[in-house]
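Please build the complex by placing chain B on the supplied structure of chain A, with the hints as guidance.
Sequence order for the protein chains is A and B.
Counting from 1, one number per residue, gives the positions in the first sequence under full-length UniProt numbering.
Counting from 1, one number per residue, gives the positions in the second sequence under full-length UniProt numbering.
FYI, nobody ran anything at the bench for these hints, they're computed from the structure.
All figures in this text were calculated on a predicted structure; none of them were measured in a lab.
Don't take each hint at face value.
Identical copies carry no separate label here, and so any pair may be met within one copy or between two of them.
To be verified - Below, computed lysine to aspartate or glutamate pairings styled on EDC-like, alpha-carbon distance capped at 20 Å:
1) K257 - E692
2) K248 - E602
3) K95 - E602
4) K691 - D249
5) K691 - D250
6) K257 - D689
7) K518 - D461
8) K248 - E692
9) K453 - D515
10) K453 - D467
11) K328 - E290
12) K385 - D87
13) K307 - E577
14) K691 - E256
15) K257 - D687
16) K307 - E285
17) K95 - D81
18) K307 - D344
19) K665 - D249
Protein chains: 2
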Amino acid sequence: MLKKVLLGSLGAVLVLTAGILLGHFGIQRGSTTPDWVMDHLSHDRSLVPMCLSRELTKVPHMATSPGDEKTVQYMLKRWQDPDTGLDQAWREEYKVYLSFPDPNTPNKVTVVSPSDAVLYTAREKEKAYSSDQEDPEVVQPYAAYAPAGHPKVGLYPPTHRQADQEDPGVVQPYAAYAPAGHPKAINAAPYGVIGVLVYTDPWDINDGKMSDNNETYPYSWYMPPSGVERGSFNTHYGDMLTPYLAAKDDTYRIPEKNITGIPPIPTQPIGFEDAYALICELGGEPAPSEWQGAFNCTYNFGGPGFKPTSNFNNSDVKLDIYNREELKNSANVMGVIRGSVEPDRYVIYGNHRDSWVHGAIDPSSGTSVMLEVTRVLGRMVKQGKWRPRRSIIFGSWGAEEFGLIGSTEYTEVNNLNQSNVIYKIPVYIICSNATLRASGSPSAQSVILKASKQVKTPGSDSTSVYDNWIRYFNRTSPAYGVIPNVGFLTGAGSDYAAFIHFLGITSMDISYTYDRTKTRARIYPAYHTAYDTFDYASKFIDPGFTSHQTVARTAGNVLMRLADSLLLPFNCSDYAETLEGYLNKAMENTVLEYPVPAPISEPLQNAVRNFRSAATRLDHALSILRPLKVRRINDQLMLLDRAFLDPGAFPDRYGFRHVIWASSKAGQATFPGLADAYTRARSTGLDSDWKEAHRQLSILIQAIQGAAHTLGDAI
Amino acid sequence: MLKKVLLGSLGAVLVLTAGILLGHFGIQRGSTTPDWVMDHLSHDRSLVPMCLSRELTKVPHMATSPGDEKTVQYMLKRWQDPDTGLDQAWREEYKVYLSFPDPNTPNKVTVVSPSDAVLYTAREKEKAYSSDQEDPEVVQPYAAYAPAGHPKVGLYPPTHRQADQEDPGVVQPYAAYAPAGHPKAINAAPYGVIGVLVYTDPWDINDGKMSDNNETYPYSWYMPPSGVERGSFNTHYGDMLTPYLAAKDDTYRIPEKNITGIPPIPTQPIGFEDAYALICELGGEPAPSEWQGAFNCTYNFGGPGFKPTSNFNNSDVKLDIYNREELKNSANVMGVIRGSVEPDRYVIYGNHRDSWVHGAIDPSSGTSVMLEVTRVLGRMVKQGKWRPRRSIIFGSWGAEEFGLIGSTEYTEVNNLNQSNVIYKIPVYIICSNATLRASGSPSAQSVILKASKQVKTPGSDSTSVYDNWIRYFNRTSPAYGVIPNVGFLTGAGSDYAAFIHFLGITSMDISYTYDRTKTRARIYPAYHTAYDTFDYASKFIDPGFTSHQTVARTAGNVLMRLADSLLLPFNCSDYAETLEGYLNKAMENTVLEYPVPAPISEPLQNAVRNFRSAATRLDHALSILRPLKVRRINDQLMLLDRAFLDPGAFPDRYGFRHVIWASSKAGQATFPGLADAYTRARSTGLDSDWKEAHRQLSILIQAIQGAAHTLGDAI
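Just chain A, with the same shape it has in the complex (with noise of 0.2 Å):
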């Protein structure tokens, strides 16, 4: 298929490196050498291909579904294998709210006339293509069926190129499309709409590929037309009738009427099939060049109604509700190696299980990573010939599709919610998926990059991942010139969340992905469809399974350097640079032409350079360190993110306390909380909006002071 480039992990040369630390820094305690690392990572009895075939994507595993608990089981049993296992392994419950299908009885019906055959049409035609017979019509709450034609029954054509920009927390991007400031799904009501259908249009996913006959899956990795990619609405996470508390047995939960954050009206995918069916029967004016896709036909308005030439013309619709709300039991496996020296500092590394259909890649490529992983670290662990210096967490999360409850839920079970454990927890991997991209906060940068050079790309046994990444996606940094291109942790796409954005603790998010310059898919195009499978994912995203031993060696070898290396890898100075590249952009903007009060830039400024020299000074502390100093040292890398935290900064937006990382409207790479009260206040004029930039100005310039304070010396 198409060439692919390694974007996030690394390999397994951790040997060499943490000789170096060690010879430097002193001596490890308790740790022995993990030169058999990178040599079994690279075996060909890689367990990635059994797992993701024989166990992890036969069956449909949407969150507690038969399938997830099989899975669960088959964890829990390599995780306490005696020969393979880790040092401990347990399941942990929870009992949250999910939304099911209800094949038989609409719970909820508002006939305004007869019309309702479209929706059935695609799931059918969907189904076809699947391996098994299960219902994979798990839909989110209140996801309904609304074909369009009433003038308020929204059915936003797609908006490719903002789309990006428009960054809806919690929402996986795209899985709704609507021209940026244009309300959808939760934004649409109040705009009158009462229901709203989206889809995945060609022009996005496929290079503009739509023939059902021999341009789609099975024929190429593209999306059949009736390919329905699906995603959640909430713009919260973790289970909703429990906000930061975890959701146990006895838990207090709020009433079901009290929830927010998701949409109070119906909204529904379809395929691209149904949806060429009415777009371009849509009336009205045409809608701007950038609404346009890939249907030949002009994407019009569609208000009000559909042409008059239309069979649909004075259509009216009917709003069935398959799906009913439930509180169901999921759970997150959780396994353990101890540490050796710093027991009580934890390096978690966590994936998803639970998929929207059968998920072969989305999430059980980084499930069966992950079994990887553990299988041969935990195969020296058991032999006595290994220990990590730092505990390392393994967390296989549930419910991660229904809005990332799994990890969230994981984060408030023993208060880690509070300031307690936190500081125990260096840094958050993820590996959703064994085809995406490696983002992470800017100090973690480095250690993904060394890593990268010490991985071959796949098939190749001279050209590193590094090398390849960087000829395909790259960057140009003022400290390093053009170095690939690692992407920042901003939104809540994953189950990365809850750790950065709430626990502020350094996270990344490792995986690979295709030659971007050969496709304009934003992702592959069976994500969140019942087409990705075993089939699919062995066929088209990685014949031969390379690519996913290359992201376990890679995801082997920066855990190991996370749980393993005497100091933390983290670079402060690449931070830095972050700032620095945030601060520019605020400035071009003219994010600081405040009208009141007026010299305030000057200070925003003063704490962007203060944190540079705090990092600077850092970095020398680094090249002269004292044996005595290491835990201190490491204290101030673990602490960095959390630097950023402030609880008041976003008082309307669930969870969301980093103040550098949050999503922002502005979808620029600056300050997400400055640059969207600055827009607002620029946009409105108002008096309060002003305040509120100010307001934000300075959080901000207080978090950057205390970062750089966390960087600085002791007293």
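For chain B alone, kept in the frame of chain A given last:
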């Protein structure tokens, strides 16, 4: 005067204890044994009398006054002294919102009828005893004069027996009296009250003594009839215009109209001579017996108006507000002794510097004790003879009387309200007043008691502070039997508030007090009046300043145990005992009889049991401690109080996050949020109130489980 009993501090025999700890646990690198401390703190060379008489109480030093600035300069000079100063000392400036008297122009006038002579009589008489001519009339924002008589102006008779239980947050307890449950100050407005006069009844403060001629100061320690006890009525803390942000020049400030937490109506303290004239003239039904005070008349409800036979009958009211609000600079004076082994762990020793008028006791007794402690420690540091294991930060806070402003801004300035620096502060000690009591987190009880055994009570060569204390003020502990009574830091009475309630830093408040069996006075009678002068303090509070010296020795002992001991001297089993007491009280109160869902007391009992087990295991771990575990266990001890923080627990209560120590209307030793919610639910019977009770229960369980987790083994 009255026999005094030491309630808080303790001595300086740190040597022996430190030796035991060190011998048992390992070598304490870089820290010398401070066997000189008790000697020096015992010497007659003590600065205390000199500080008090010569420097600190010559002039009034309310916040930002010339007297305050003079004290700043004096402290900086001391702390920067090349022979006896600290490693560093500096001033930190904040621009804060304060209220000052405007003697010439009333800025708000509501004339109802002319009858405005009372206040000025009171003030003039009070001034006659003052040793200085500066204007002592610093009043709170919106405080004003409002004689009673109008049915809607509240003149609240005292409720001495219940006032103790009201715990009105930052409001200085007893500054205003009102029956429990009856609206006062900030709560009065919704009931139609348009102004409040508050006074201190002789029953509460003077053991009933009222005579100006021979019963009160200058003939005894009792408050003269003209004495006016001031106090803040602000229910929030910190600068009012910059909530949760440090009040720097460029910081965003909320509009003044958005200030919350202060009474919307005029509130004026008056002396009891004026209250007497008014109360005994009030008509209406007799008030309940617990409202009656020391005046030789029946306290009537007063509504409507005065007795028909009174000269005041049919009088109306003129309200003149003689104050103005201003942004003013206020300074914290900071000093540091750098730690030798763990410089990134901070013990904070703080005391406020501003007073209502002269403040010989509150706060200058604490300031002089702090100066004495720093003189002795600073000299040893300058001579190169000693350096503590951890860093010590000394803070002289400004503008405490206006609402704990200096200490709160300090916690905000470098994002201390976030997670980054929090963890570095094991403990905060406040020593605001040499004649108060000892309170603290339960885990800090043991270090106070240990120290108290090593210091002699004033004027004795054989009786320890501990022996004296247990005789006059004790309690029965299930674990220890009868022991001296160490209180809890519930509410927000002084500068510990931002540390314990917002940051969850284990805190204590150490001070001296008198024999409570001999007086009903809840505090020394000149408290917060213009009579709190050097003359008063040296004649009636601490002749010869021997108690001051004892406090210096005690605070020094505690401080050095915290800063120098290898293992933090905190005892988690004592925390477990407190939680068990709270649980028992909650069960007695049938706090747990929820209508729905049924069996939810079980999880709370489990949580407390779990905490106890973890505490016991940690105690055991301490007894077999290996040196490498020291820092890890210290982290657990340090973070224990932080585990009880929940930012969502009390959304309507500014700055309160600690679910065990938050103030409570229930006024009982039990879980505050649960008790208040239950009381309310039982009273209203509303389903929504029962739901809130359940929510509080879930928060509590999660916090206690999280605390148990903090004490548990690493992984």
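Hint check, failures only: Violated hints (numbers, rising): 7, 11, 13, 17, 18, 19; every other hint is consistent with the structure.
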